[in-house]
Structure formats: structure tokens, C-alpha cells
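Colleague: Below, each chain spelled out in residue letters.
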Amino acid sequence: MGDAKYFTTTKKGEIFELKADLNSDKKEKKKEAVKTVIASMTVGKDVSALFPDVVNCMQTDNLELKKLVYLYLMNYAKSQPDMAIMAVNTFVKDCEDSNPLIRALAVRTMGCIRVDKITEYLCEPLRKCLKDEDPYVRKTAAVCVAKLHDINAQLVEDQGFLDLLRDLLSDSNPMVVANAVAAISEIMDASPNAAQVLEMNSGTINKLLTALNECTKWGQVFILDSISNYTPKDDKEAQSICERVTPRLAHANAAVVLSAVKVVMKLMEMLDTSGEYVTSLVKKLAPPLVTLLSAEPEIQYVALRNINLIVQKRSDILKNEMKVFFVKYNDPIYVKLEKLDIMIRLTSQANIAQVLAELKEYATEVDVDFVRKSVRAIGRCAIKVEPAAERCVSTLLDLIQTKVNYVVQEAIVVIKDIFRKYPNKYESIIATLCENLDTLDEPEARASMIWIIGEYAERIDNADELLESFLEGFQDENTQVQLQLLTAIVKLFLKRPTDTQELVQQVLSLSTQDSDNPDLRDRGYIYWRLLSTDPAAAKEVVLAEKPLISEETDLIEPTLLDELICHISSLASVYHKPPNAFVEGRGGLRKVLPPKSELGEGVVDSLGSPTEPTAQPPQSTVIPGADSLIGDLLDIDLGGPGPSMMQQQMYPGQSQGSAQGGGGSQGLDIFGEGLDNLLGGGPSGADMLGGLGDIFGMPQTQSYVPPQEVWLPAAKGKGLEITGTFARKNNTIHMELTFTNKAMQPMSGFAIQFNKNSFGLMPASVMNIRSPLPPNQGASTSLPLNTQGPVMKMEPLTTLQVAVKNNIDVFYLSTQVPLHVLFTEDGEMDKKVFLATWKDIPSQNEVQYTINNVQHNADTVSQKLRNNNIFTIAKRNVEGQDMLYQSLKLTNGIWVLAELKIQPSNPSFVLSIKARATDVYEAVKQVFENILHN
Amino acid sequence: MIGGLFIYNHKGEVLISRVYRDDIGRNAVDAFRVNVIHARQQVRSPVTNIARTSFFHIKRSNIWLAAVTKQNVNAAMVFEFLHKMTDVMAAYFGKVTEENIKNNFVLIYEILDEILDFGYPQNTDTGILKTFITQQGVKSQSKEETSQITSQVTGQIGWRREGIKYRRNELFLDVLESVNLLMSPQGQVLSAHVAGRIVMKSYLSGMPECKFGINDKVLMESKGGKSGQDDTRGGGYVKNTSGLYSKPSSSTKTSIAIDDCQFHQCVKLSKFETEHSISFIPPDGEFELMRYRTTKDISLPFRTIPLVREVGRQKMEVKVVVKSNFKPSLLAQKVEVRIPTPLNTSGVQVICMKGKAKYKASENAIVWKIKRMGGMKECQLSAEIELLNTNDKRKWTRPPISMNFEVPFAPSGFKVRYLKVFEPKLNYSDHDVIKWVRYIGRSGLYETRC
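Note that the protein sequences, when read in sequence, are chains P and Y.
Residues in the first sequence are numbered consecutively from 1310, following our numbering.
Residues in the second sequence are numbered consecutively from 473, following our numbering.
Simulated crosslink set (BS3-like; lysine-lysine; CA at most 27 Å straight-line):
#	chain 1	residue 1	chain 2	residue 2
1	Y	K787	P	K1712
2	Y	K740	P	K1593
3	Y	K768	Y	K743
Rather than coming from a laboratory, the hints here were simulated on the basis of the structure.
Bound-form chain P, shown alone (with noise of 0.2 Å):
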């Protein structure tokens, strides 16, 4: 007969019986009515009252009845604290014991048992168990030091027991240094006190390397946890660890394989990119990835999160492997999902065929968030891979046939991406998808349905009674179809404006006086009022060439991207998140990649060899999401005229939805502020502003310019006062000078020269200046500048160092020149090429300031830095801050890259600058210091 029976006594007076069976003088009675208050204990019985009689059941040299006793004592101890006590003598005799097993069972016990007066006791014999003779023993105090730092970590720290962790690391037995370093990991995450204490060295390193070799699969695990937290010195070192961790690869336990590849992938990022050993290392990372695939079910998906953080930081370890890829019949959906992520990922020309063929097969599965995301697939693979776009279209057209409900509606919604991103190519579809128009009931398709029709209102003779159709419902459709309709509608108007006026009136009306909404009254506002101000305008706003969409969706952010590959195998690789955001309290902190190894590096990159990021094709720019285009409109910000004019009211006269509201300078007031905030912080387009700024006559943006200084005093320059600055006007460098004249006699013969400099700066033609100048008279001229001179690296950069020439004297003079006059016209990156870059630079090479005191929104910011060349990529939004993510180029053809973190009603800003040549970071803070400031 089994243990089973425990489980169902459920008489009356159950408690009082066992109470009397536990006092009885029989073992085996004993044994069983504590086997009892364990079962009932399990199914969450409430059977603190026996605890007393209980604990008088621990002296015993029963084994079986002591370990349950235990048991017992763990999960009550806390509510009944000075019960426990009584269990204490009992434990430290048992910790004396002879036998090895019962010494640890004592003393593993106890450090479960959270109460202060047990713990005082635990110190003693714990000291003397981590010195035990008996390695099993070891190895259970080893964890009870993690155990008792997690009650009371300062008691651990001053009873030393810290560096009698840190020297089972050099324990004889792999199973004692496995465990300690578990301990001591757990520790220094927990203590920043502890970290100083328990830091790593390589000699620790390489004690654990060889520990490595002989312990359990487990041991393994957390030895190799720990080393994936440790930065080698140098390259040496970083390479010859990690060949000693590459033949876990070759080990049977999922586990120890994904920490072996979190080590060598971390130490990648430390040796050079082009070696042989980095090739080698890599070609050697994916067969045990794909091995990981024929593991069981919930390993697999472990297995495939990571993998798809992995192809995302290193695309090439498996561009070969799609058809591992491919879903089996049986898998759990899970797995599914998931495979299908990658192989988006994965796709490419070589293996599209293949691709399209699985894909096409998935979209006639059963369950339908895998039909769903395959039908969305199809379309990534056309917009990916271009020579493939005419198969994937007529294969969701194909789908669109089977007439199931969300297959169709899925496929509309990526058919409009696909629009988007080959305009004018497959129009002919259109009329196929109209026929579908009244089975759409999902607020994503119908959307998209109405911004195709929209989009292409010119070429569907009844566009005007598909949209009115949409229009019979609009109060009680989703806000995203009635954003979609009313541009659509407006769109309509502006390519046949004769047969639509009605039906214009009706959705400005709809829009403006009866919504609630207001992002929806807002854009009828805009759209009304540009209607009515300017046609013309209104045309080139709504029907304004559109950026490209992005081939690539759901990448994750570079830095977030690197912290997820040091967490790989850990929860947080399989939520993509990091740990802060689902583990409580400790803060802990951030785990960034290695830098790049210094040697044969960075001299390179200094400033003589202009690096540019690999060269790529110019390719589209990135506006996410379904209504980018409206995005697009409203995200304009004139920053122009400066701030006093940004300030200025938002609408005048809101409340009358004031068709008739005014001239040009009150229209420019409407997008003068605020408007980008429409959408609820939609994508920032960055280029928006050079068409409206010309629509409104407004004068030129101009880039900041320095008040100029005085470069050379009347005093040392005998009565010739130079004062200048520079400025950067129609991308060309100006020196603005203005020479004054404070002598007695007229000078003449004025000449300039420039000394070397770190961007060869030259005056490009001669100085044309008023010769001679009289006494007492100020000339100023502007004179150009290239940078076609000789170049020699100063200190500090930006030094520039001038010989002026006159009549009576040549004078030297040395200034700084404002870094942003040399930001070039061409420093916007591609998105994708951002990315890249950001990734690909190290991130040692990362450098935050804090600019305090801005007194401007993120739309300001941008634009001003756009005036000044520093171009924003990208905008996000993440919990409340704004991220720009910005580039520019300097002339001698460095890129540097910055994100600019914004904390709305915190003027203090965040600055991060990575570039690859780091000599120009503090003129480049000085740059937004400056221009942020002005």
C-alpha cells in the first residue's frame, strides 16, 4: 500500500488524533501520523497547531522520519519563532554527527529556517561545515552562505564567511567550487558590498575553467553563468577562455549549451571581427544551436527566443539553416510561432522559393494566430526580398480566394504594406480586394482597406461610394478606421475634388463637431483649415510623396539587443525584456557587451582615415505602423523663426472649427506647436519641413551662429582689432570677420593664411576685404572655407590657427572653431545603416553627458539640431521619454551617432555619443550644449 491514503483522511477531529499519534511511543505510528501532517500540509491544510508535537519528533536517528520532520519545520519555523527555538540544540548536535549526510541535512535545513534567534546559532556550525572533511558536506554550506546572506547579508559579511566562500573556488572537489561560485554569484547580485569582496580575477577564471571539465551538468551551468559576468583583460585572454569553453557546445544538457554560447558570444565582441578565430568560432556556433531544435518542446522555445536574439546580433551564424526552421505539424504552437519569426528573419533571394512554398502551406493551418502571423509573413517576404514581390502577391491573392474571414482581412492589411513599398506596381489587385470590402470587420483591415482605396481613389471608379459606405457607420467605428476614412476622404477630394465636395463637408463635420476624440477633431481641424487656406498646399501636404517603409519589423533596439545577448538562456532572453522589468527590488546593474579589444584598433580610427560605415545601398527609411502617412503630416514642426515664435498660441478660435481662420501666419501657428503630439507620438519624419516651410514663404532655417569674439585685441595686433566666428551658409564653411582699424594711419595689403589643422581647413578664395581701412573704421567680409588643406590632428581639435597679415605686421591668432560648421548636408543615415553602425561600434566607445537646463520640447530639439545638420532618424517613445536618435557627418567623413533621451518636465537631458573616433566627443557635446542653449 502507497503513501495515496494520507491524502484522504479528512475526519473530524483529525488534528486532536494526530496530535495524540504523534506523542505515541511506536515509531512507526510516529511516522505515520507525520507522513499525514505533511500530506495535509501539501493540499494546504493549516497544521501549525502540531508543532510542538512535531519538533518533539526530531530527535531520532530515523532518517526518513527527520528529513519529513524537517520538512515540516521549514514551512512552519516562521510563524511559530519561539517554537523553533526548541528545534535549535537538535541541529547543532546534528551537525556534529558522524555521518556526512546527516551533518549536511542539518545544516541545509537550518539556513531555510528564517528566524533570527536559529540563525545567531547557524554561524558556528556553519564555519565549521565549510571546512569539513567530508566534500558533500562542503558543498551544502557553500549554498547555506547564499542562504544566510539572503536573511541577513551583514551578519555574512562580518563573520567572514565571504572569504570562506571565496576559498572553496580552490576546493579540490568540482562540486564544492560549482556550488560556491552559485553562492557567490547570487551574492554579488544581491550586494554591491559583497561584489568588491568576491570580484573575479583570471586566476579565479582559470580556477573555475578547470572545474569546468569535471563537474555535474548543473555545476557546469552555474560555473559558466559566472564567467559570462567576467571581462578578460585583453584579447589574449578573452580568446584563450573562450577555447576552453567551446567544448560544452558539445554537451548533452540544453542548459550547458546555451550558457557556453552566452560566453563565446560575449567574448566575440572582444576579438577581431575579421580573424580567422572569430570565423571558426562562429561556424562552430550553430550546429549545437540547431541540435537544441530536436530537444523537447519548452527547450526548444528557450532555445528558439534565444536564437532569434542571436540572428538579430550576428545575421550570418545561421543564414544556411532555414529549413531547420521549417514547422512541423506536431510542434506546439508555441514553437511555432516562433519558428516562423525566424525564418522571417532568415529569409533571403537564395532561399525565398522555399520559403514561400512552407509559408503558403502554414496559411491553411488550424489555428488561427499561426494562419494569421504566416499570411503576415508572405507579405514581410515581398517587401524583403523584392524579385520575389510578384509571387507573394499572387499567392495572397490566392488566399484571399479561400475566402476565410482572417485570412483575407490579414491579408489586406500586409497588401497595403506592400503598396507601400512598390507603389504603382500591382494596382491591378485592387478590384479583387474590393470585392472583399463587407467582410472586413476587424478595425486593422478595415483601415487598410480604406487607405488603399484612399491612396489609389483616382483609378477605382466608385471610390467615392466605397468610402460613403464607410461613412454610414463612422460614429461607431474604431478610431484608427475613422483617422484612416477621414484622410482617405480628403485624399479622395483632392484628386476629384467636382463629384466629392459633399462628401468632404460630411467627414470634416463628422470629425470636428461630433467626436470626442480628439486626436480625430484635430486632424479635421488641419485638414479643414488647410482645405480652405490653400488648395494647392493641402495637396502637396496630404498627397506629399511618402517615405519608404522599412524591410525589417520588430527589431530590437541595439543596446536593449547587446544587454539580451549577456542574458542569453535566462529568462530575460526569453521575454526579450530586461531583467529590471520583471524581477523585483534589486536594481542591479545593467550588463553591457565587452569592448572591443584596444590592439591594432583605434589608431586606425583616429581622425587622418575618415571611417565611414559600410558602404550600402541608400535605402528606405523607417515610418512604422499602419497610419504613417497621416503620422507623417502631423508630426511637422517649424522650428524656424526661433523660439519666441514656437511659443505662440495653438489654435486661434478652436471652438468655432473655423473654416475661415485666417492668413498665412496664423496657418503657420497651427503647425508651428504641439501637432506632433496628434498621434499620440507617432514617427517623427524628419524631412517633412522644407516642403511647408517654402509653402508659407518662410525664410530659410538657419544654422546657429556664435556671436562673434574678439580673436585679436587692438593691443597685441599694434591697432588692428580682428573679432569673427563662423558659420555654415548654402554648405559651405564661412569665417565671418570683422577687422576694426583702431590705429592712427590706414592699413592695407590684408592676407590670411590658416595653420595645418585637424580638418584641413583653407580659405577658398582670397579675403575680399575693404583695402585700405581707414582709422577709426570697422570692415567685415565673410570669407569661404574648404577643407581641402593640409590636416594635422591639434589639441584640442577644434583649434584653429590663423596668420593675418597687414601693412605693418603679420599677427598669429589661435581659435576654435564651432565643430557644427563642419556637420555635412548628407549626415542623415538610413535607419537600417544606423543600426548597424550603433551595433557595430563598441560599446566602450559609448560616452553619456547630461545637458541641463533645456527648455524645449523634443520637436524643438530636432528641428533645431536639424538647422545645424544633426539629423533625427528616429523618435520613440518609451515610458513616458523621448529617444532621438540622431546622426550627423563631419567633413572629413566621421559619423557619429546619438541618442538624446528627453524626460518630459526634466530639463536636464541625456546625451549618448558613439562614433569610432573618439576625439571628437567633447566638441560634439559642445555642439548641443550651444545649440540646445541658443
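Position chain Y against the provided structure of chain P, taking the given hints into account.
Modeller: Only chain Y this time, still in chain P's reference frame:
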């Protein structure tokens, strides 16, 4: 690390609950039951986060095993551990069922106390656990015995104890391959791979060092020309006492490309990495020495050619041809073809030349069994399926036709070249060891879409 471990039955009642960490409260037990076991929808992920607590679960028949944590733990390790734990339980009391768990709950608590400490997995080797956690309760042990136990639990060679003696030194090697195939209806191989396992049964005295040689391209090239050849494939073991396959051969064409391999922890991985040799001290008795995976040049034992024709809305005709593709002298066994039928099937007429075929309504499939089938043969089955009228507009998504079989060779071409045994301390040599090798190829997921 793991904060707690719960086992539930299918109703969500707790059978085992062991909490290792203070941050996991009793309410975690209920949270999992409510949000996962009783969830309306099918579970979409084996990892669930509820109120900043993460739950990892696996299912064995209708038993749920859940590990709980509030930390950023190593997820792969947690799942590996859960699987290992079910293995340990199975080794103690057979199938993991509600009844067995209830009957052994004291034992399970004892095991859980041993294999997880503060949430850190400890030694989980069943062989060793069984030496000191027994169902009868621990007998009092002598001092020597206990110290032997502790040194084994923590030892460097944790998988083998000293002082093993056999009168006859003997070893058995099973090369077990499962061949996986996904084929398009047109007969194009979409993906195929072989997952192989080498299971060794060793009955050797002392602490023998073994060296294992296989016909892997990389290993053979680095060794240079020591390759062997064998022509003794057969259903049973092949006995060879004088070192396996000692006949010299010059060719390396029999070598195969192994994509990846994994070893039992007894294999010295560093030696494999540097010297390309597989050497180890084996555990006593049966264990899995190695796993490997190949994708190239797989000889697929069978091909299925499906022909499905929908005749109107109420009838379907299915024709399936199965061709065997291996040496005529060999025999495949336990051949089974499973042909899925629509849910609204009302009746089926089957005709087949060989074997027996039956429509199984409960499984929605025609199951065609052929006991034995020689190489280079062809069999055919045709069936007429009658369908009921349904309102369900959705098309039937034809699941693939799957096959099961067993063949007496290794479809990957894998060969054992030698297995040498050295025991320097005892007086038996490699020649005295009796060695047996057997090759079995089985179907894994062997599917043809139709």
C-alpha cells in the same frame, strides 16, 4: 534560482508543493492553477509571468509540473531540470501519474530535498541517488559506506563507483537512429535529418578507459587512414571479439558528415575538441554514450506517394503507394502508414495488397500495418472515403501522411569502427572483452504532405 516546485493533477489540485525561497508565497500555487491550468485558452507558452512571478511548466500525461521563480533564472536549466526530475521519478516508481505521485509523496519530498538546494540543482544522477535515497527508508550504513556515497555524489567520476567486478567482461553497443522526413506531395524532400543515439551497456570490471571510433569525416581525417569497413549488417548483434572491424581499408568514402554531436558527461569533451578522439570511463550498466545529428546523404528507407482526389462533396478517393528503398536482403519491420481522414468521415472502404488496413474513427485515420517488408518492394493501398454533409465552411486541412517502421541498418550511414577498452590496474586486455554491436533505424517524424 528556482523558488518553488509544484506538482498538480489535471484538476489543478496540488500533489506536491516544495518552496525553496522566501519570496514565493502560498498564493503562487493558486496563481498558476487559476491562470494556466484553468485558463480558458490553450496554453500559449511554457513560461508564464503572473504578477512578476515566472512559472515554468511541463506536462506529463495529465500531470503538471511547475517551477516558480521571481528571479532572472537560467530558463534552459529550469526546463532541463524539470525533465530530469520526471526521469528521476520514473526511475523510482515508473510512470508519473497522480496515483504514483500520491503513493510516493514522502519519497518525492526526500528526492526534492536532495536534488535542489535553495533552488540550485544538485546531483540528479539516478544511479547515485538510489544508493542513499531508497523507498524502504535508509538502513543504517557503516562509516565506509556513507563516505563512499558522499564521494560519489560530489565526485569527479560521479557516474561510476570503484570496485566493480565481472567474471566476464562484456559490452553492447546499440546504434539507434530515428530518421525524420518531411516530403512535399510531389516527392520533394523538404527537410530530412537523422537523430542518432548510441546506447551502451557495459559490464566491465574496474575503472576501464574506453576509446570509441566512428566513421565521422572530421574524426577520420584527423586520424588519417585508420578507417575500417564492415559488411555485417544484421538484425541482431554482431559479435566481434578481436577489436571491432579490424580489417584495413583504404577508402574514406564510407565516412559520413555529422552535423553535431553531444556526449554523455563521462566523455572527455576537451579531448574530443583537441584530439578528436572519444574517450571515457563508462558508467556501469546502460547509458546513452552519444547523440548525433546528420542531414547529408541520408538513405531514406521508404517513400510514400499519396494521391488524394475529392470526388464531389461527399466522397474522397485516396491512393497511397509505399516503396521500400534498401537492400533486398534486409527486412523492415513494424511498418505502419497512417492516412488521416476528414472529421466528417462516415465510412471507408479500403483495399490493400499487403498487410492489414483499418479505418479508425476515433483517430480519424486509416491505419495500414505491414508486419514485414523486404527491400526494393512496392505496396499499394486504395480507399474510398464517404463524407457527411457539414455546415463547416472551413476546408479540411489535410494533415500529412505519417509512417512508422524499423529497419536493421543506420539510415545515416553511421558505423562503429572500434571500441577499445584499457584497464591498466586489472589483468584483462582489450582482446578479452566481448563486444556486440547492433544497428536499428526507426522512423521519427516521417511525413509526406498530401
